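Chemist: In the UniProt record's numbering, the protein residues as written are 1 to 262.
No lab work stands behind these hints: they were computed from the structure. Remember, predicted model here, so these are calculated numbers, not experimental data. The beta-carbon is built from N, C-alpha and C at its ideal position, and this holds for glycine as well. Hints may contain errors.
[To be verified] Label-pair ranges, simulated between beta-carbon atoms:
(1) E33 x L71: 20 to 28 Å
(2) R123 x D16: 37 to 45 Å
(3) Q57 x V12: 12 to 20 Å
(4) S20 x A235: 22 to 30 Å
(5) P53 x R124: 27 to 35 Å
(6) D131 x R215: 40 to 48 Å
(7) C232 x G119: 36 to 44 Å
(8) E54 x D131: 19 to 27 Å
(9) G247 x R122: 39 to 47 Å
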Amino acid sequence: MCRFLAYAGAPVFLEDLVASPCHSLIHQSLHAEEAKTGTNGDGFGVGWYGERPEPGQYREIRPAWSDENLLSIARLVRSHLFFAHVRAATGTASTRANCHPFVHGRHLFMHNGQIGGYGLIRRRLESLIPDPLYGSRVGTTDSEVLFLLALARMSEGEQPGEALAGALGDALALMQEAGVREPLRCAAALADGETIHAVRWSSDEKPPTLYLCDRGDAVVIASEPIDAARECWQALPRNTLVSARVGAVSLHPFEVGLRRAA
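Using the sequences plus the hints, can you model the full thing?
Modeler: Quick look at the structure:
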């Protein structure tokens, strides 16, 4: 399982969350405490918003703990909204195209989890991606498919939470048709430059961990608390959607149904 964090608030240097805290994301790449494996060394990525609507992006297949370029970027880049992700691969290659976060237009997306039996449904699930978006598919992960399926639904007018639920529903329907017994587990974050929408959901009782820290002038959503201020960190309940921007944080039940079968 991967580890990630998302930040929205007063502009800060990426270093302040990615590298400096006692349990920073770089520390978690070697010493995660709430994941199946303590090591997340199959690549990493950061995505941030600056002066343009489209986010910047840096991804690499080296482990986060050994990449001096990540430290340099984190020390110099300051942003009001950014994502960071360290990867533990679950069956797909360790390539730059498979590292998170993913970018399309003004949107950022990252994911921790797995579609059970993905190899059995991959072809049919990919076929649900509309042609205008399919050309943006450059990697091989289930995460990127979920992102593009959600974007397709958003382009048709669905809200981000509804679109994420729909994408997961598509996958769940195909899993059930294929007789897959493995669970579908998902912690994911989607942003448009102003608001972060994050979900913690699973088809069984074991969703990936996800925490929220509302600091008033800033919001951090992370797989694990990154510092010792544990009184700030709220573990999100299972099957929850959180929408967060400065001064406005809301939690809602997140339900996934069998949206359609292909």
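Chemist: Hint by hint, say whether it matches the structure.
Modeler: Do the hints match the structure? See the list:
1. Our hint of 20 to 28 Å for E33 and L71 holds, since their Cβ atoms are close to 22 Å apart.
2. Distance hint for R123 and D16: a CB-CB separation of about 43 Å, consistent with the stated range 37 to 45 Å.
3. Restraint check, Q57 to V12: a C-beta distance of roughly 18 Å satisfies the suggested window 12 to 20 Å.
4. Between S20 and A235 the C-beta distance comes to about 23 Å, which sits within the given range of 22 to 30 Å.
5. A beta carbon spacing of about 34 Å between P53 and R124 agrees with the range 27 to 35 Å that was offered as a hint.
6. Between D131 and R215 the Cβ separation comes to about 43 Å, which falls inside the hinted range of 40 to 48 Å.
7. Taking the beta carbon of each, C232 and G119 are about 40 Å apart, inside 36 to 44 Å as hinted.
8. Checked against the hint of 19 to 27 Å, the C-beta distance between E54 and D131 comes to roughly 22 Å, which is consistent with it.
9. Between G247 and R122 the beta carbon distance is about 41 Å. The supplied range of 39 to 47 Å therefore holds.
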